[in-house]
Amino acid sequence: MTVRSSLHISLRALSRNKLQTALTMVGMTIGVATVLTMISVGSGAESAIEDQVKAAGMNLIVITAGNYKVKTDDDYGVIEPSAYLYHRHRREFMLQTAIWDSRQNARFGLIHAEDDPLAVHDHPTARQRLGDSEAGLGAAATLTPGDAEAIGKLRAVQYVSGGVHQNVHVVAGGKRWFTRIHGDDVSLPRIRRAWVFTRGRFYSKGEQKDAKQVVVLGVVASQKLFGDENPVGKTVSIWKQNFEVIGVVGSGSWMVAAAPGDDQFDAVYVPFTTVHKLLNLSKLNDITVTCASSGDVTRVSTAITNLIRLRHSITNEKPDDFTVTSQARKALATGGMRPEMAKAVVGNMAGLERVTLEQLGKTLDRASKTMTALLASIAAVSLLVGGIGIMNIMLLSVTERTREIGIRRAVGARAGDVLQQFLLEAIVLSAVGGLAGVVIGVGVASSISQVVQWSTSISLASIAVSIGVAAAVGIFFGYYPARQASLVLPIESLRYE
Amino acid sequence: MSVISIRDLTKIYRMGDISVHALRGISLNIRASEFVAVVGPSGSGKSTLMHILGCLDHPTSGQYLLDGRDVSKLNDDELSKVRNRQIGFVFQGFNLLSRTSALENVELPLLYDSGNLTAAERKRRALEALAAVGLDERTEHHPNQLSGGQQQRVAIARALLNAPSIILADEPTGNLDSRTSVEVMEILQDLQAKRGITIVLITHDPQVAEYASRIVTFKDGRIIGDRPNERQRLAVDELANMPEPVEETA
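Heads up: the sequence lines are chains A and B, in that order.
Throughout the first sequence, residue numbering follows the working numbering, covering 1 to 497 in sequence.
Throughout the second sequence, residue numbering follows the working numbering, covering 1001 to 1250 in sequence.
Certain hints may be false.
[Claimed, not checked] Derived CB-CB ranges, DEER-like:
| no. | chain 1 | residue 1 | chain 2 | residue 2 | range |
| --- | --- | --- | --- | --- | --- |
| 1 | A | Thr399 | B | Ser1002 | 36 to 42 Å |
| 2 | B | Pro1206 | A | Arg16 | 37 to 43 Å |
| 3 | B | Lys1073 | A | Ser459 | 41 to 47 Å |
| 4 | A | Ala472 | B | Gly1196 | 33 to 39 Å |
| 5 | A | Thr399 | B | Leu1239 | 47 to 53 Å |
By construction, these hints were calculated from the structure, which means they are not laboratory data.
Backbone N, C-alpha and C define an ideal beta-carbon position, used for all residues, glycine too.
Go ahead and model the full structure; you've got the sequences and the hints to work with.
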């Protein structure tokens, strides 16, 4: 007998007892809906954590021009000579950002910004321009846009942004604000995942190519210069040049607060080409790189070190003229966390300096995966109950319909035909119930994310898995009753009353 | 040429420690187009014989040749095919699928036929069979909307569908009143006369057995009599002499 006519018979049989069919399906529906909802909540949490991790710079690598040695205990940076890294590739950077940069906070409070000596001297470009002899080897501006381009071609590298950084006075109307200017690549907003454009937009590729005088203000800078006004479309003056304000950027992450003095939001952004043109520069201060996966950071760091040494023709005995750091203070100190949180983390976690952010990321990842698995296995119980419901109904139905089986056998149905018919009934029950469950599950998941603001994520894969599991449950729990049905002897079933 | 040929057939049912000898060495030849009645009291083994003849049950020992083929050597699927193609069943309890229309009940054997018939062809043949038993106006009725006689006619139509060479009728009039019994017998006699179908009628009622052309008598699992019936009752004549029936309510 063809599957089609078998299916026809099965559907007729199911439609004869609509209430029983519907109730059996409900069991399946609830099971599938629960599994789907739980998986979506679990993987939603997973990707939320992943997002936060990325927002904190876990997959971030920064290549800085020059090579700083770790000088004193007082140095809050993690900056190790990358020559060291070069010789011991596998060694992971330690999270040594234990001390919050109190100087940075203090400097705007105690000393007027414009008189801040650190602001001038603490920067390679500034040193180069000022001819700072103290800077020595480490101060050389050695990185080029070509280096950035080459890094972009490495495997597992996601985004690359080369940057030049200065301290400037930004003037708008009567107001003046001393802040950082970042000349960055257009891909920067993709790297700074926690960014939200409160107004306007980032500059475009075209504007970067043409070195347009456009500027994006950090929220703090915007607040200082324009108050609550919308600055988009207005003009500010930097280096006595007019720049059009095209956007305002703020923090979209609870882990990152915009505050005066921070590097991200008390700052202004212009295309690096514009800075190059106006200041007649050709080098970069740093190159920021993100890896597609946070697990790749160490490998990619090594690859970058090797690549740039090659490009800069540095022989084996000589140290690097650049520094590769993964995340480091960009993540935790200046850009990453609220200061009080950084303090709490540092104060309460013994041996934190031995935990790399990568390990931390992996731990978080494992934890969220465990949670998803836990939720899914709880939900799987309801799926199991649904399956047992189907089996129960099918067994009952086989008993109830013994006579029908006998009649079919008498007119020529083979044992296999009977098996097929009952198996199809079970599969139809579970597949239709499962489909309804998918619809309900998707609905519940999306209303959870809207009402409770949990992030949920429903992937096609999880839907496919749910439907597959439903059909498998149908086959698994339907097979036994169907086999029972096919084993009924024709003569016995005809005698059955 | 014998359509059915059985030799020393025995059937023993085991129920715990007790063995019930339902058939104790039966030998019987039935020629094509014969109308044979197997008559005997209940428990005489005639129903067991019918189940074995219908390939619904296996004999404990002995040989059964159906159209010259040894049925005892066939596997389950092959037996299903024999039931589907060569044998039509008519039962005392009709054995129709409930909540299923007369038409679909009649179509049933065609669903299990390996020849791939279209739905339209199945329907055409089912309607033809229903017309042959005079039920062409009640094709969409469910069994519970039909009288006993009508249900039995649906069952006969179903038995006819694959043009079987044999119809096995097990007490076909057992649940019917006298007039509809005669009607059913008329159909069976007609099928034998016009289509040459071999009919084996199982009954406990000697009066019903008189419709057959040959009467085999059973007792205690043995054949105790086998005679041609010279005074065969003709249902068509009896119907002509009966008063018109009151309109059957469906």
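Note to self: Tell me the numbers of any earlier hints that the structure contravenes, in ascending order.
What the structure shows: Numbers 3, 4, 5 - these are the hints that the structure violates, sorted from lowest upward.
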